[in-house]
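**Q** Start from the sequences, fold in the hints, and give me the full structure.
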Amino acid sequence: MMPTQDSVSRSIVLPVAPEHAWDALTRPDELAEWLADEVVCDDELDEGSEALLRWDDGQERVAVVEEADEPSRLTFRWRTDGTGDETRVEFTLVELPREQTLLTVVESGFAPLPAGWGPKLVAHAGALLRA
Amino acid sequence: MHASAHGDDVGAVFAALADPTRRRVVQSLAEGTTVTASALARELPMTRQAVAKHLSALERAGLVTPRREGRETRYRLTPEPLDEAIAWMADVGARWDRSLERLSERARRA
Numbered sequence: 000m001m002p003t004q005d006s007v008s009r010s011i012v013l014p015v016a017p018e019h020a021w022d023a024l025t026r027p028d029e030l031a032e033w034l035a036d037e038v039v040c041d042d043e044l045d046e047g048s049e050a051l052l053r054w055d056d057g058q059e060r061v062a063v064v065e066e067a068d069e070p071s072r073l074t075f076r077w078r079t080d081g082t083g084d085e086t087r088v089e090f091t092l093v094e095l096p097r098e099q100t101l102l103t104v105v106e107s108g109f110a111p112l113p114a115g116w117g118p119k120l121v122a123h124a125g126a127l128l129r130a
Numbered sequence: 000m001h002a003s004a005h006g007d008d009v010g011a012v013f014a015a016l017a018d019p020t021r022r023r024v025v026q027s028l029a030e031g032t033t034v035t036a037s038a039l040a041r042e043l044p045m046t047r048q049a050v051a052k053h054l055s056a057l058e059r060a061g062l063v064t065p066r067r068e069g070r071e072t073r074y075r076l077t078p079e080p081l082d083e084a085i086a087w088m089a090d091v092g093a094r095w096d097r098s099l100e101r102l103s104e105r106a107r108r109a
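As they're listed, the protein sequences go chains W and X.
The first sequence lines up with residues 0 to 130 when you count with numbering that gives the first Met the number 0.
The second sequence lines up with residues 0 to 109 when you count with numbering that gives the first Met the number 0.
Hints are computed from structural coordinates only; laboratory data are not their basis.
Since this is a predicted model, take the numbers as computed values, not measurements.
Treat the hints with caution; some may be incorrect.
Here's a subset of chain X near chain W, in silico, CB distances under 10 Å, partners left out [what the hints assert, rightly or not]: (1) G10; (2) M45; (3) T64; (4) R66; (5) M88; (6) A89; (7) G92; (8) S98; (9) L99; (10) E100; (11) E104; (12) A106; (13) A109.
Residues from chain X that keep clear of chain W, each with C-beta distances beyond 10 Å, as calculated [what the hints assert, rightly or not]: (14) S37; (15) R41; (16) L43; (17) A56.
All C-beta atoms, glycine included, are put in the ideal place defined by N, C-alpha and C.
**A** Structure below.
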């Protein structure tokens, strides 16, 4: 059996310090530049805060922040309005030399996706079915 | 396609396949063409009742399709929902790729 992950994960290196990258993850006006087309939140994202994210194609999601540990870790749950779909998003920021940041995002909990069922195992099952 | 567009269906597929016994049932079906619950029970081995229960779960997820033939019901594998599940997961990854690319561009300009 292949190793499994109940998640989708991506990492990038940003040419800015974590403190600067943190703003991009938590300020509504910044988030509206890259994560969604419109972000409605009273203030910067912090523990317990709720943000409404809108996309130009009509999709809306509500994000509820679980952890905000500046400038290294931000997690929130977000759900699509009108569906039961809710997943968890976790950002971690690691300071690199020369004012750079390793940013990793993990989206997990594809409800009601059970633990251990991620893309790899699904792909494996897909290959098996087509064998 | 949105990441959430097929969330419920995808959830049913994942839930159906989460059980190792059901994955074995799926594997057996993948090797044959159509099969009855009794034949699967002899092969796996487990009781016919247990096999029937697993086949029902797979049927609810659209992964198997039953057909009555006289006194027996034959099942065949219909893997299309799994393709949808795979596409959905891939779409989640593609969304992050696009978002992070925008973030990266912004950071480079900063």
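**Q** Regarding the hint that X:R66 lies at the interface with chain W, is the smallest CB-CB distance below 10 Å?
**A** 19 Å, violated
**Q** Grab the minimum beta-carbon distance between X:S37 and chain W and tell me whether it stays above 10 Å.
**A** 23 Å, holds
**Q** Please settle this one: X:R41 was flagged as non-interface, so is its CB more than 10 Å from every CB on chain W?
**A** X:R41 clear of chain W: closest Cβ-Cβ about 21 Å, beyond 10 Å.
**Q** Can the hint on X:G92 be confirmed by a CB-to-CB distance to chain W that is less than 10 Å?
**A** At about 5 Å, which falls below the 10 Å cut-off, the nearest Cβ of chain W leaves the hint on X:G92 intact, so it holds.
**Q** Does the closest beta carbon of chain W sit nearer than 10 Å to the beta carbon of X:G10?
**A** Holds: closest Cβ of chain W sits about 5 Å from X:G10, inside 10 Å.
**Q** Against chain W, does X:A56 hold up as non-interface, every C-beta pair farther apart than 10 Å?
**A** 13 Å, holds
**Q** If you take the shortest Cβ to Cβ gap from X:E104 to chain W, is it below 10 Å?
**A** 8 Å, holds
**Q** May I ask you to test the interface hint for X:A109 with respect to chain W, counting a Cβ-Cβ separation under 10 Å as satisfied?
**A** 6 Å, holds
**Q** Once the shortest beta carbon distance from X:A106 to chain W is found, is it less than 10 Å?
**A** Because about 4 Å separates X:A106 from the closest Cβ in chain W, which is inside the 10 Å limit, the hint holds.
**Q** Does the CB of X:L99 sit less than 10 Å away from some CB of chain W?
**A** With a minimum Cβ separation of about 5 Å from chain W (threshold 10 Å), the hint on X:L99 holds.
**Q** Holds or violated: is there a CB of chain W closer than 10 Å to the CB of X:T64?
**A** 14 Å, violated
**Q** Once the shortest beta carbon distance from X:A89 to chain W is found, is it less than 10 Å?
**A** Cβ of X:A89 sits 7 Å from chain W, so the hint holds.
Checked against the numbered hints listed earlier, the structure breaks hints 2, 3, 4; every other hint is satisfied.
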